[in-house]
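*Asks:* Listed below are the residues making up each chain.
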Amino acid sequence: MNLIEVRNINKYFYQPTKMQVLNDVDLDIEKGHFVSITGKSGSGKSTLLYLLSTMDTDFEGSICINGEEMQGKRNRWLADFRNHHIGFVFQFHYLLPEFTALRNVMLPALKLARYTPAEIEHRAMDLLQLLGVGTQANKRASLLSGGQQQRVAIARALINEPLIIMGDEPTGNLDSQNAAIVFDLFRELSSERGQTILTVTHDDDFARRSDKVIHLVDGRIAD
Amino acid sequence: MKLITNIKLAATIAFTHMRARLKQTLIATAGVTFGITVFIFMVSFIQGSNDFVQAVAFEQSPHLRLYNEIQTAPANIIDRTYPGNINLVSHVKPKDILLNLKDGPQVVQALQQDPRVAAVSGAVSSQVFYRLGSSSINGTINGIRFEQENALFNLQAKLVEGSFKELATLPNSLVVGIGLARRLNVKTGDRLEVTTDKGNNFSVKVVGIFKTGLTDIDKQQSYANLHTVQRFLEVPVSYITDIKIKLHDMELAPAMLPELQAKYGFHGSDWKQDNSALLEGDALRKMIVYGVAVTILLVAGFGIFNILTMMIYEKMKDIAILKAMGFSDTDIRWIFLVQALIIGITGALMGLVFGFLAAYGISKMPYKSDVMITLDHLPVSFSAVYYVTGFTFGMLTTTLAGYLPSRKAARVDPITILRG
Ligand SMILES: Nc1ncnc2c1ncn2[C@@H]1O[C@H](COP(=O)(O)OP(=O)(O)OP(=O)(O)O)[C@@H](O)[C@H]1O
Ligand SMILES: [Mg+2]
Numbered sequence: 001m002n003l004i005e006v007r008n009i010n011k012y013f014y015q016p017t018k019m020q021v022l023n024d025v026d027l028d029i030e031k032g033h034f035v036s037i038t039g040k041s042g043s044g045k046s047t048l049l050y051l052l053s054t055m056d057t058d059f060e061g062s063i064c065i066n067g068e069e070m071q072g073k074r075n076r077w078l079a080d081f082r083n084h085h086i087g088f089v090f091q092f093h094y095l096l097p098e099f100t101a102l103r104n105v106m107l108p109a110l111k112l113a114r115y116t117p118a119e120i121e122h123r124a125m126d127l128l129q130l131l132g133v134g135t136q137a138n139k140r141a142s143l144l145s146g147g148q149q150q151r152v153a154i155a156r157a158l159i160n161e162p163l164i165i166m167g168d169e170p171t172g173n174l175d176s177q178n179a180a181i182v183f184d185l186f187r188e189l190s191s192e193r194g195q196t197i198l199t200v201t202h203d204d205d206f207a208r209r210s211d212k213v214i215h216l217v218d219g220r221i222a223d
Numbered sequence: 001m002k003l004i005t006n007i008k009l010a011a012t013i014a015f016t017h018m019r020a021r022l023k024q025t026l027i028a029t030a031g032v033t034f035g036i037t038v039f040i041f042m043v044s045f046i047q048g049s050n051d052f053v054q055a056v057a058f059e060q061s062p063h064l065r066l067y068n069e070i071q072t073a074p075a076n077i078i079d080r081t082y083p084g085n086i087n088l089v090s091h092v093k094p095k096d097i098l099l100n101l102k103d104g105p106q107v108v109q110a111l112q113q114d115p116r117v118a119a120v121s122g123a124v125s126s127q128v129f130y131r132l133g134s135s136s137i138n139g140t141i142n143g144i145r146f147e148q149e150n151a152l153f154n155l156q157a158k159l160v161e162g163s164f165k166e167l168a169t170l171p172n173s174l175v176v177g178i179g180l181a182r183r184l185n186v187k188t189g190d191r192l193e194v195t196t197d198k199g200n201n202f203s204v205k206v207v208g209i210f211k212t213g214l215t216d217i218d219k220q221q222s223y224a225n226l227h228t229v230q231r232f233l234e235v236p237v238s239y240i241t242d243i244k245i246k247l248h249d250m251e252l253a254p255a256m257l258p259e260l261q262a263k264y265g266f267h268g269s270d271w272k273q274d275n276s277a278l279l280e281g282d283a284l285r286k287m288i289v290y291g292v293a294v295t296i297l298l299v300a301g302f303g304i305f306n307i308l309t310m311m312i313y314e315k316m317k318d319i320a321i322l323k324a325m326g327f328s329d330t331d332i333r334w335i336f337l338v339q340a341l342i343i344g345i346t347g348a349l350m351g352l353v354f355g356f357l358a359a360y361g362i363s364k365m366p367y368k369s370d371v372m373i374t375l376d377h378l379p380v381s382f383s384a385v386y387y388v389t390g391f392t393f394g395m396l397t398t399t400l401a402g403y404l405p406s407r408k409a410a411r412v413d414p415i416t417i418l419r420g
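Sequences listed follow chains H and C, in order. For the first sequence, position 216 matches number 216 in full-length UniProt numbering, and the numbering has no gaps at all. For the second sequence, position 215 matches number 215 in full-length UniProt numbering, and the numbering has no gaps at all.
Looking at chain C on its own, in the form it has when it is part of the complex (with noise of 0.2 angstroms):
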């Protein structure tokens, strides 16, 4: 009850010292204000387009994927069979095995069956060149069943003209990449050859075009029904290279990929680990984003510890005073606390308000990309996290900018200034 009453009285003297020094007061206000602004405006514009990024890369990638991988034998034959012996085999070359998953379709109707699984989709892809003319351009196809796909990717979203649904109908039909179109001049409806690893030649039909915004797909990747890869390829039907699974909860693929693995003894990833470099990326801008919001902050601590210091020189009499009549270095201290609380309150609240109008402005404003078809705004994220982020730094970093100076006063010995 005193103790409040105290710091009611302290305050009462920080409003009237705070009065007689508008203008620094506002400055230092100011300062704050700017700082979180910055901070909100730019965590919530470069969260913002990491959402955006992210969502467009994983809406390309499974949660999960399943796979073979060329191997060389860890141990030879003969060291197998006689495992005594000093065996040397020099130059060993990888085994050739087929690169499909044995028992594909079984493995994927058994996950469908999986509760945890939402969509699988089970695919052939294969490394071939695209031939038109003199141009010979190498790139990958994928062998897919167009509902299950789509069940994934949202295939269908990314069409730019054409339509998915001829694939299983018209044989050696295809959809392309929009940058593999146009890297080969072809349009719907125009004809080019595709030449598989083991030479075989085909003359296919463009019956699409897609965009999904990720270069590196769209200028090397094409669609086709699953049977005409096979054939292509002359594998059986059986015959599939990848599984790719979506979760309902993205976060539980890490956990499961192991599980997976060991039943059905195929090489796998999650998407976390697809998508590597692009989480670091992001972590790497969210630190510079409060790197950049620190320093702010810090300049911002310092004109507050500036106001107060000179305040405090300024205030030795009324100091040595006030402690003549019986305030305790404490009652003194909070008087030049609660100053800096005030403008780090004021100038938090200010800049958290200016930070969301700035962000939503530059939500509002329109924005095309070449790379991102989807968005049509610049993307910006508006997350409660962000302002109560700010706010808690703004508040710490005034709460120490002020704690210095305000020992600084409650050290002030009265009687030097008071004997004149």
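Next up, chain H with everything else stripped away, as it sits in the complex (with noise of 0.2 angstroms):
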């Protein structure tokens, strides 16, 4: 069964001069597939990635996610959408600085509000637990170092149990040893849990040891 389908998008940016970003892209992704998205730097990697987070908006053509139509939908049916199916992960930590660590992992959660707060806090404490920081909990995020922040960005693109967990060359700032952690933790997600990962990787080690590798030439999918 296909989780995502994308039919024909066109992207344009027309910043400074019209230019086409994506040309004519069509693709499946199955669920519990763990897929690379390759290429060239400004090749439309990211660009792909941002549009299959429902976050970019503005495109031609369909993108259909666990069966619902991304195209024409309201702001806050999508956040709503993201905050429910979508975890992310990106290059730089990106971490509220202001908060603890258990507190970043904790608030798609209580955005979410399945469970109660002392029930989040519990399973977000698991998730640290479970990548290895559990005992930088309750420091505030800043304090931590670059491979701490980024397992807890990955904690909390977990906590809400997502369908698809997307990347934007989230080990592109970890050492070599870090990297194949991430990896290894990603691998299992979509092989025990069945999560869908998606991610843009300059990494051919990376790409190769994916189920399905998405290559971009010039904005198109090369084969």
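Treat the hints as calculated values from the structure; they're not laboratory data. Glycine included, each C-beta is placed from N, C-alpha and C at the ideal position. Heads up, a few of these hints could be off.
[What the hints assert, rightly or not] If you only want the chain C side, here are some residues facing chain H, beta carbon under 8 angstroms, derived:
1. 3
2. 5
3. 16
4. 17
5. 20
6. 23
7. 318
8. 326
9. 328
10. 330
11. 411
12. 414
Got two chains here, separate frames each, mind docking them using the hints?
*Replies:* Okay, here's the thing in structure tokens:
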């Protein structure tokens, strides 16, 4: 079953001049697959990922995720959809610096409000421990090291048990050892929990070991 | 329900932001506090003085006055006799009418029966010259029945020396205003001369001195017994020129005036007309207070606007991450609006407290005034209305100041920030 179905996507930027960044992109991603997006710099990888993330709504064509069409949906609906189904990990760790690590992880779940705050705290703690940063839980996020921050960010992406975990070069800023840890974790999530992983990467090794590689050349999918 | 949890969550984020920027937050709050404090303080003080001045003036001003006026006859007698003809009469002189109110004493009696009326006084007033030695001062003499006039104006309280009682018993006796007494250099027991406009001279004795606090009255008016003045003017005892009325409810005056005028055919005026300059000044001063308060609050509002706008620039990344996590534009807007509201509410409440304290403090300041004799402290008005207005004002400006930046925050495009 396809979790993500993309049909005939065209994407333009108008600054400084009109320029087509994605050209008739068609793709399907199965549930539980580990998918990498690769391509040269400027080929449109990030652009595609942000379209799939539902944050960029300015495109032609159709994006269907989990049976729902994203084209033409309202901001509030999309935000809610992300909250339920999509977890993000970015190249720069992007934690909220004034909150503790624990609080950072809890925020998406507090927003979702599926569980009580006490339960959420408990689950967030479990995730931090799973990622080996349990001891940092009550430190302010800005005080953690880069690798620690990235693991907290991953815990945050996992807290709502999303269908899809998306990352724009999630290991781009990590040393090879930390990158390997993150990679193994993603592998495990997709094979054991059935979560779909979709990451932009420059790391050939990373890409080679995924279930599927989407390779972009000048805004088109190359076979 | 969902809305409330969303706002609660936004509020906790807002609190964390504010705690991280405690100093700026406190400064913005202090701005609002200052604005509201000044507003409360000024409005209490100005309103207090207004009320006081008005009380003094209104005590001297009857709610309704009935009198006659010299008028040129609108049509001359030839016109009335030969209405069809063209009649030329040049330079018509005003008719020599008596200024008295027809059947005055009966009207006074009738008015005393009116249930709306609290007190009535019929009096004669006339222009006279007060003379002593070489000084000769133009002024007004009021012929009154002391009991009636006292019921209206509380004359007894304004007596500085002597007594009003002797007016009735001692012929040709006079109670003079303090300014007049000073100008003539007389005191109780002294004699002076009064010249009427017909040229008759009378020697009178000063039996008392009064002070109303209104210089205009104090420096040129005097009181004498009604019959004394009637004798001076060579008029019968039924002659009165003024009927002054005090009502139970002064707000009825403007409505009652036309009724009485129609019934008795006199001229008249009510306290609002008599004190229109005062009431106008009152409104103007209030406008100034509101103007100053609005200006200060605008400045405070700019403070809030600035700190939030700065905060939003600093927090672009946070906003983008929150949006990626699934916070909607509305949630983001709430985060910043809540900050403005917290600053607004705390600032406004503290402003109310400080404003009250300042107003209370100044109301305890001793103050001696030459004009306002009954005053020993600065007059301050305490009314809940100012506090409600001040709070509403503060909330309005801060909400507005917070709304614009928070809308901007809600519009932040997360992608431009997240792609790095
Ligand atoms: N907001 C924008 N306005 C105008 N052009 C843009 C904008 N964002 C991206 N582009 C252009 O679109 C093209 C694709 O950009 P994109 O960020 O998707 O590349 P990428 O494949 O992620 O590259 P990299 O590997 O360097 O991150 C680039 O030529 C870029 O300059
Ligand atoms: Mg990119």
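*Asks:* State for each hint whether it applies.
*Replies:* So, going through the hints one by one against the coordinates:
Evaluation of the residue 3 of chain C hint against chain H yields a violated restraint, the C-beta minimum of about 11 angstroms exceeding 8 angstroms. Here the hint on residue 5 of chain C is kept, as its CB sits about 5 angstroms from the closest CB of chain H, short of 8 angstroms. A least Cβ separation of about 5 angstroms between residue 16 of chain C and chain H falls short of the 8 angstroms threshold, and the interface hint therefore holds. The restraint placing residue 17 of chain C at the interface with chain H holds, with a minimum CB-CB distance near 7 angstroms, inside the 8 angstroms limit.
With 8 angstroms as the threshold, the beta carbon of residue 20 of chain C comes within range of chain H, its nearest partner Cβ sitting at about 4 angstroms, so the hint holds. Interface restraint check for residue 23 of chain C: the shortest CB-CB distance to chain H comes to about 15 angstroms, outside 8 angstroms, so the restraint is violated. The interface hint given for residue 318 of chain C is met, as the beta carbon of that residue sits about 5 angstroms from the closest beta carbon of chain H, less than 8 angstroms. With 8 angstroms as the threshold, the beta carbon of residue 326 of chain C comes within range of chain H, its nearest partner Cβ sitting at about 2 angstroms, so the hint holds.
Of the supplied interface hints, the one on residue 328 of chain C holds, with its beta-carbon coming within about 4 angstroms of a beta-carbon of chain H, less than 8 angstroms. With 8 angstroms as the threshold, the beta carbon of residue 330 of chain C comes within range of chain H, its nearest partner Cβ sitting at about 7 angstroms, so the hint holds. Given hint, residue 411 of chain C at the interface with chain H, is violated; its Cβ is 10 angstroms from that chain's nearest Cβ, farther than 8 angstroms. Hint status for residue 414 of chain C relative to chain H: holds, with the closest Cβ pair at about 5 angstroms, below 8 angstroms.
When each numbered hint is compared with the structure, violations occur for hints 1, 6 and 11.
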